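Enquirer: If you're matching them up, the sequences are chains A and B in order.
Here the working numbering is used: the first residue of the first sequence is 3, the next is one more, and so on.
Here the working numbering is used: the first residue of the second sequence is 3, the next is one more, and so on.
Accuracy of the hints is not assured; some may be wrong.
Given that identical chains are not distinguished, each listed pair holds provided it fits within a single copy or across any two copies.
[Claimed, not checked] Cut-off 25 angstroms, straight-line C-alpha distance, at most; resulting in silico cross-link-like pairs (DSS-like, lysine-lysine):
| hint | residue 1 | residue 2 |
| --- | --- | --- |
| 1 | LYS520 | LYS530 |
| 2 | LYS327 | LYS406 |
| 3 | LYS432 | LYS387 |
| 4 | LYS6 | LYS429 |
| 5 | LYS432 | LYS327 |
| 6 | LYS432 | LYS196 |
| 7 | LYS34 | LYS432 |
| 8 | LYS406 | LYS196 |
| 9 | LYS406 | LYS429 |
| 10 | LYS6 | LYS196 |
| 11 | LYS406 | LYS432 |
| 12 | LYS429 | LYS192 |
For the record, the hints were derived by calculation from the structure and aren't laboratory data.
It should be emphasised that the depicted structure is a prediction, and the values quoted were computed from it without experimental measurement.
Protein chains: 2
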Amino acid sequence: MSGKERLIYLPLGGAGEIGMNAYVYGYGAPGKERLILVDIGVTFPDMDTTPGVDLIYADIAWLEERRDRLEAIFITHAHEDHVGALGLAWGRLGAPVYARPFTANHAARKMEERGQDPEQVTVVDRWPYRVEAGPFEVAFLPVSHSIPESSSMVIDCPAGRIVHTGDFKLDLTPLVGEPFDRALWAEVAKPGIKVLTCDSTNVFSPHPGRSEATLGPAIRQLVERAPAMVVATTFASNIARVRTLAEAGRDAGRSVCLMGRAMRRMIEAGVESGVLTDFPTTISPEQAADIPRENLMLIVTGSQGERRAASAQLSRGKYMGLDLKEGDLFLFSSKTIPGNERDVLRIVNAFSEMGVDVVDDSADLYHVSGHANRPDLSQIHQLMKPEVVVPMHGEHRHLREHVKLAEENGLPAVLAPNGTMLDLTGKTPKVAEHVEAGRTYLDGKAQIGALDGVVRDRIRMALNGHLTVSVMLDEDDEPLGEPWVDLMGLPETVPGGAALSELLEQALDRFLSRADDKVLTDDDLLEKDLRIIARRTAENEIGKRPEVKVVISRLA
Amino acid sequence: MSGKERLIYLPLGGAGEIGMNAYVYGYGAPGKERLILVDIGVTFPDMDTTPGVDLIYADIAWLEERRDRLEAIFITHAHEDHVGALGLAWGRLGAPVYARPFTANHAARKMEERGQDPEQVTVVDRWPYRVEAGPFEVAFLPVSHSIPESSSMVIDCPAGRIVHTGDFKLDLTPLVGEPFDRALWAEVAKPGIKVLTCDSTNVFSPHPGRSEATLGPAIRQLVERAPAMVVATTFASNIARVRTLAEAGRDAGRSVCLMGRAMRRMIEAGVESGVLTDFPTTISPEQAADIPRENLMLIVTGSQGERRAASAQLSRGKYMGLDLKEGDLFLFSSKTIPGNERDVLRIVNAFSEMGVDVVDDSADLYHVSGHANRPDLSQIHQLMKPEVVVPMHGEHRHLREHVKLAEENGLPAVLAPNGTMLDLTGKTPKVAEHVEAGRTYLDGKAQIGALDGVVRDRIRMALNGHLTVSVMLDEDDEPLGEPWVDLMGLPETVPGGAALSELLEQALDRFLSRADDKVLTDDDLLEKDLRIIARRTAENEIGKRPEVKVVISRLA
Numbered sequence: 003m004s005g006k007e008r009l010i011y012l013p014l015g016g017a018g019e020i021g022m023n024a025y026v027y028g029y030g031a032p033g034k035e036r037l038i039l040v041d042i043g044v045t046f047p048d049m050d051t052t053p054g055v056d057l058i059y060a061d062i063a064w065l066e067e068r069r070d071r072l073e074a075i076f077i078t079h080a081h082e083d084h085v086g087a088l089g090l091a092w093g094r095l096g097a098p099v100y101a102r103p104f105t106a107n108h109a110a111r112k113m114e115e116r117g118q119d120p121e122q123v124t125v126v127d128r129w130p131y132r133v134e135a136g137p138f139e140v141a142f143l144p145v146s147h148s149i150p151e152s153s154s155m156v157i158d159c160p161a162g163r164i165v166h167t168g169d170f171k172l173d174l175t176p177l178v179g180e181p182f183d184r185a186l187w188a189e190v191a192k193p194g195i196k197v198l199t200c201d202s203t204n205v206f207s208p209h210p211g212r213s214e215a216t217l218g219p220a221i222r223q224l225v226e227r228a229p230a231m232v233v234a235t236t237f238a239s240n241i242a243r244v245r246t247l248a249e250a251g252r253d254a255g256r257s258v259c260l261m262g263r264a265m266r267r268m269i270e271a272g273v274e275s276g277v278l279t280d281f282p283t284t285i286s287p288e289q290a291a292d293i294p295r296e297n298l299m300l301i302v303t304g305s306q307g308e309r310r311a312a313s314a315q316l317s318r319g320k321y322m323g324l325d326l327k328e329g330d331l332f333l334f335s336s337k338t339i340p341g342n343e344r345d346v347l348r349i350v351n352a353f354s355e356m357g358v359d360v361v362d363d364s365a366d367l368y369h370v371s372g373h374a375n376r377p378d379l380s381q382i383h384q385l386m387k388p389e390v391v392v393p394m395h396g397e398h399r400h401l402r403e404h405v406k407l408a409e410e411n412g413l414p415a416v417l418a419p420n421g422t423m424l425d426l427t428g429k430t431p432k433v434a435e436h437v438e439a440g441r442t443y444l445d446g447k448a449q450i451g452a453l454d455g456v457v458r459d460r461i462r463m464a465l466n467g468h469l470t471v472s473v474m475l476d477e478d479d480e481p482l483g484e485p486w487v488d489l490m491g492l493p494e495t496v497p498g499g500a501a502l503s504e505l506l507e508q509a510l511d512r513f514l515s516r517a518d519d520k521v522l523t524d525d526d527l528l529e530k531d532l533r534i535i536a537r538r539t540a541e542n543e544i545g546k547r548p549e550v551k552v553v554i555s556r557l558a
Numbered sequence: 003m004s005g006k007e008r009l010i011y012l013p014l015g016g017a018g019e020i021g022m023n024a025y026v027y028g029y030g031a032p033g034k035e036r037l038i039l040v041d042i043g044v045t046f047p048d049m050d051t052t053p054g055v056d057l058i059y060a061d062i063a064w065l066e067e068r069r070d071r072l073e074a075i076f077i078t079h080a081h082e083d084h085v086g087a088l089g090l091a092w093g094r095l096g097a098p099v100y101a102r103p104f105t106a107n108h109a110a111r112k113m114e115e116r117g118q119d120p121e122q123v124t125v126v127d128r129w130p131y132r133v134e135a136g137p138f139e140v141a142f143l144p145v146s147h148s149i150p151e152s153s154s155m156v157i158d159c160p161a162g163r164i165v166h167t168g169d170f171k172l173d174l175t176p177l178v179g180e181p182f183d184r185a186l187w188a189e190v191a192k193p194g195i196k197v198l199t200c201d202s203t204n205v206f207s208p209h210p211g212r213s214e215a216t217l218g219p220a221i222r223q224l225v226e227r228a229p230a231m232v233v234a235t236t237f238a239s240n241i242a243r244v245r246t247l248a249e250a251g252r253d254a255g256r257s258v259c260l261m262g263r264a265m266r267r268m269i270e271a272g273v274e275s276g277v278l279t280d281f282p283t284t285i286s287p288e289q290a291a292d293i294p295r296e297n298l299m300l301i302v303t304g305s306q307g308e309r310r311a312a313s314a315q316l317s318r319g320k321y322m323g324l325d326l327k328e329g330d331l332f333l334f335s336s337k338t339i340p341g342n343e344r345d346v347l348r349i350v351n352a353f354s355e356m357g358v359d360v361v362d363d364s365a366d367l368y369h370v371s372g373h374a375n376r377p378d379l380s381q382i383h384q385l386m387k388p389e390v391v392v393p394m395h396g397e398h399r400h401l402r403e404h405v406k407l408a409e410e411n412g413l414p415a416v417l418a419p420n421g422t423m424l425d426l427t428g429k430t431p432k433v434a435e436h437v438e439a440g441r442t443y444l445d446g447k448a449q450i451g452a453l454d455g456v457v458r459d460r461i462r463m464a465l466n467g468h469l470t471v472s473v474m475l476d477e478d479d480e481p482l483g484e485p486w487v488d489l490m491g492l493p494e495t496v497p498g499g500a501a502l503s504e505l506l507e508q509a510l511d512r513f514l515s516r517a518d519d520k521v522l523t524d525d526d527l528l529e530k531d532l533r534i535i536a537r538r539t540a541e542n543e544i545g546k547r548p549e550v551k552v553v554i555s556r557l558a
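If we strip away everything but chain A, and leave its shape as in the complex, we get (with noise of 0.2 angstroms):
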C-alpha cells in the first residue's frame, strides 16, 4: 500500500437519519480517490418541514461533481430507503449498478420509472462472488433483515476490508431469504476487519432480537378465532410475514386477497426472483366480494397509515367493492414509524367508529423488528473485531449511543455523520473533510434544493395566509382607481364583524391617495409600501401578518 494513497469514507445520507441512505467509499491519492456508492434511497416529506414534496434524497452534488471517478453504486436491498432515490440520481452519476436478483428486481423498475435505462442494473450472486470496481473488490455477503436478499457489503481495497453492514439483524429463522450464518461472518472476518461500517437502528433496545418465526403462532391464533373477516396490514416487502399471514389465513379456512398495488408486485418480484416459494393461493378484490366475510382474509398496504395505501382507503368506507363491518377484525403487523403516529390513530379511530375491532403490537406478539438489537450489535463487534467501528444508518442520538456502545466493547468508534468525510488508511481514523451535506426535494417533476426557499415560501403561506394586492396607475403614475385585494387562507371578516378586505382596501387608498411621486414612479418602492401597509393592517385587524403579492399594472 502506497503511503500516498488513502481509503475514506463519505455518507452523505443516512448518518443522521433513518432514511435516505447514500454512503461513499474511496481509494487513491486524496482528491483521485476512485470512489463506489453504497445505496441511493429517499426519505419521505411531511406537512411540517416538506409540505407538497413527493420525494427525499441525499443532495449527491459532491458525488456529480466527481462522476468521473465513481466506478459503480451498490444496493443492498431493496428498501425504498435503500433503493429508492436510484431513477432519480442516476442521471446525475452514470454509474454501473450492481445488486443481487430480487434487489435487482426493483432498482431496475425504479430506474424505469424515471426514464432511466434499467439494463444499467447488473444482477450479481452472493458471496464469494466479487465485483471490481477500480481499487475494490466487493461482494454481497447475504444477511437478514425484514426483506428478502439483504446483503452486507464486503469491501476489500489496499487499505483492507470493509464490511458495510447494510441493514441487518441476527435471524435464524428468517421464513423467507437467508438466515444469519455465523460460520460465513467468521470467515470473512479471518483475515481481519478494518472497517465495520454498521447499522444503529435499535442500538436502544436492549433486549436481543426476536425471529421472524417467533410471530406464526400468534397471529395464527388470532385469526382462527376472528369471527368475520380479517384484515391485516404489514410492510408489502416483508414477504416473510406476508407469507406467514397469508398462511395464517388459509390454514383457518379463509380466501386471501392481497390489496394495495405495493403488496402485489412485492409478491409477484418474490416470485420472479426466486426468493418467494409455495406463497397462497390468493383471489381477486372481485372474487373476495362474493366469500363470507368470516371466510374472508384481506391482506393490505398501509401500516404506517399512508392516506392513499389500501388501509386508509378501507378506514374511509368502501374500497374496490369491499368494506369492513362491525366485528371485523383489524391487525396491525407493523410498529408505527415515529412521526407516523397521527396517521395511524387516524385510521385506528375510523375503523372504531365502524365498529371494527383493531389489533396492533402494543403487547409484542404480531411484529418483529428487522434491525439488530443491542445485545445483537455487541455480538457483530464482537465477531468481526474490527480496527474501528463507524455507526451508520440512524438519528445522530443513535449513532452517538452506538459510539459508545463499541467503546463498551472494547472497539474505537467514530461518530461521522453526514458530510463528514473520514480518511480510514492509518490505524486511528482521522476527519479528513467536511462536505456539504444537504437535501434534494423531488417536486412534482422537478428537482430542487432543500435550501431553494421554495418549501419555505409554502410554509410561511401555510402559517399565514396570502394577499394578493392589486394597483393600477396612469400614464402620469396616477393611481387609478381604487386598489383592490384578493385573500386565501384568511378570514373574511375582523373580529368586530367588518369584511378585512375592505379594511385593507380602506388602508391601501388612504396610503395610495398621499403617496408622492417619488413612490408611485418606483415599483420597488411602491410595492414595498403597499405590502407593508397591508401586512400591518392585517396584524391590526386579525392578529397575522399574511405574505403578500403586489400587483402593479402600469399604462406608461
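Go by the hints and put chain B onto chain A.
Expert: Relative to chain A, chain B alone:
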C-alpha cells in the same frame, strides 16, 4: 320527578379526542332544559390539518344559541384542555364560572387574557360544599391527577346523581394536592349513582397506575450521579413532579433554576393558592450563569418539544445566558404525546450533537401518567356502581374500549361521541338528538369555523404552491401588453432548465392573443380560462397544479 322533564348529556368536545373538553348537562322539559357546562378547554393545532391556527376549541354554537338557559360553567382542573378556552368562549356564553382556588387562579387569567372580567370566576370550596345552578346542585369532589386540586363533579338533579370524573387517577400519595380518598368516594356513591361520566384516556394501559411518589428515588439517584449540569423537563402544571425534581436537585447540592414562563407561573400559582408549600429555593438564570455546572439543575418547559419553550431554545444554543455542553444530562420526566414525536426527537438529536446525554422515560423510571389505567377504571366502576357508564375524555377507540370494559364489569355503558345528546332520564339511556359538533379555531385574533375553508386554502397553498397571473385590458377589452406571472412556493426552473414563469407567460399570451370578445369582455370567463391554462401548463412542466390568483386590470 315529573315525567315530562328529562336529564340530558351532550359532549361538545372531548368525546372523540383527547383535548378541548366541553360537556353540557341539562335538566327540564325537552327543549327547555336548564343547562350547565363542565370545562371549556383547547386542543393544539398541527401543521398537517390546522396550519397557522393558534388554538382550537369546541364549536359551542349550540350552547350559545341557548345561553339564556345556561346556569353556570364549572372547571374541573387547570389543564389547558379543560380551562384553556374559557376566555375565548365566555363572551359567547356569559354564565358564572365556578372553580376551586388554584384552578380559579388559572381560570381568571384565561378570562383576563381575552379581555373578559376575571371577577366572573367564583372560588368555591370542595365537597360537601355545593353550588346551586338551576335544577342542579354541583359539588367539587377532590381526586388525584397530575395537577393539584383536580376535582370530579358531583352533579345532583331531580333525576339523580351524576359523577363526572374529570381527569383522574387513583393516587394515594400524589405529593401535592389531595390523595384519592376511597371512603369519601364511597360516601358520594352511597345514595346511588345514576351516571358515571368517566375519563377513558388510559383504558388501554393494562397495569395498575403508579403513584407520583414512586418516582423520587430514581430521579434523586440520576441527579446525584450526574457529573455536570442537569436539565429536566416536565409539564409545568405537574407541580408535584416539579417539586420532586427541584428537591432532587437541592438534595444533590445543586442550585435550582426554573426556566420558561409557564414553569414559573405554575409554581407561583401553586404558592398563591396554597396548594404548594415548601418548594426549594430557586435562583434566576442570571445567577445560574455564575454557578459551576456540576452544582446546577435547570427545570424547564417544553417536554413536548414545543418550538418556543425553554427545552427547544436550549437545543438551539444559548438561552437566557445558559447553554448545554458535552457531559450535561437532559431528563425528559414526561411522556411524548402521540403526534409530538418528531418535535421531541428533533430536540433529542440536537442535544446529542452537543454531546449531552438524554434520558427519557423508556425505562418507566422517571414518569407516571396522571390518568387511571384499565384496572383503576374497573375499581371506580365497582366503587360507584352507576346505573350507566358514559365514557368521555378519549379518542373514539378509547371510548369504545371503555364501553367494553364497563360491560365486562357488569355495568351498562353507552358510547356518546361529540354531538350525541343522550337522554339519561329513564332506566336506559337513549340518544335524543345529534347536534352539529365541530371545532372553532382561534387564528390570530379571529375565531373561524373549521369548515370556513380558510385552513383548507392554506393547506392547498402549502401542497401546491401559489401563482399570481396578471393581465391588463384596454378600453376596447384588448390585452394591453403581455400577461405576467409571479410564483410563490414553486420551483423557478423546469426540468429542462427553462424558467417556469416564462413558459407560463408564453402559454397565457398565446391564449390571450387568440381569445375572442366573449371571453375578453367577461371577467369570470377570462379568469377561469387563464387559471386553466396556468394550471395545465404548470402541470405539464413541473407536475404540480398550483393555486392560481388571476388579477385582471381593466381600463374600461
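Enquirer: Using 25 angstroms as the alpha carbon limit, work out where LYS327 and LYS406 are close: within a copy, between copies, both or neither.
Expert: For LYS327 and LYS406, the Cα distance is within 25 angstroms only across copies (17 angstroms; inside one copy 50 angstroms).
Enquirer: With identical chains, the pair LYS406 and LYS429 could be close in the same copy or across copies; at 25 angstroms between alpha carbons, which is it: within, between, both, or neither?
Expert: within (19 angstroms within a copy, 64 angstroms between copies)
Enquirer: For LYS432 vs LYS327, is the C-alpha pair at or below 25 angstroms within one copy, between two copies, both, or neither?
Expert: Result: close only across copies, 23 angstroms inter versus 61 angstroms intra.
Enquirer: As a check of your reading, is LYS520 near LYS530 (CA-CA no more than 25 angstroms) within one copy, between copies, both or neither?
Expert: Result: close within a single copy only, 13 angstroms intra versus 36 angstroms inter.
Enquirer: Using 25 angstroms as the alpha-carbon threshold, which applies to LYS432 and LYS196: within, between, both, or neither?
Expert: within (14 angstroms within a copy, 73 angstroms between copies)
Enquirer: Evaluate LYS406 and LYS432 at a C-alpha cut-off of 25 angstroms and name the case that applies: within, between, both or neither.
Expert: within (18 angstroms within a copy, 61 angstroms between copies)
Enquirer: Pop the pair LYS432 and LYS387 into one bin, within, between, both or neither, using alpha-carbon distances up to 25 angstroms.
Expert: within (20 angstroms within a copy, 70 angstroms between copies)
Enquirer: Regarding LYS429 and LYS192, is the shortest C-alpha distance of 25 angstroms or less found within a copy, between copies, in both, or in neither?
Expert: within (19 angstroms within a copy, 78 angstroms between copies)
Enquirer: Reference check for the pair LYS6 and LYS196, CA-CA at most 25 angstroms: within, between, both, or neither?
Expert: Classified as within: same-chain Cα gap 18 angstroms, cross-chain 87 angstroms, threshold 25 angstroms.
Enquirer: Can you tell me if LYS406 and LYS196 fall within 25 angstroms by alpha carbon in one copy, between copies, both or neither?
Expert: within (19 angstroms within a copy, 59 angstroms between copies)
Enquirer: Pop the pair LYS6 and LYS429 into one bin, within, between, both or neither, using alpha-carbon distances up to 25 angstroms.
Expert: within (15 angstroms within a copy, 90 angstroms between copies)
Enquirer: Since the copies are identical, ignore which copy is meant and state whether LYS34 and LYS432 lie within 25 angstroms (CA to CA) inside a copy, between copies, both or neither.
Expert: within (18 angstroms within a copy, 80 angstroms between copies)
The structure is consistent with each of the numbered hints, conforming to all of them.
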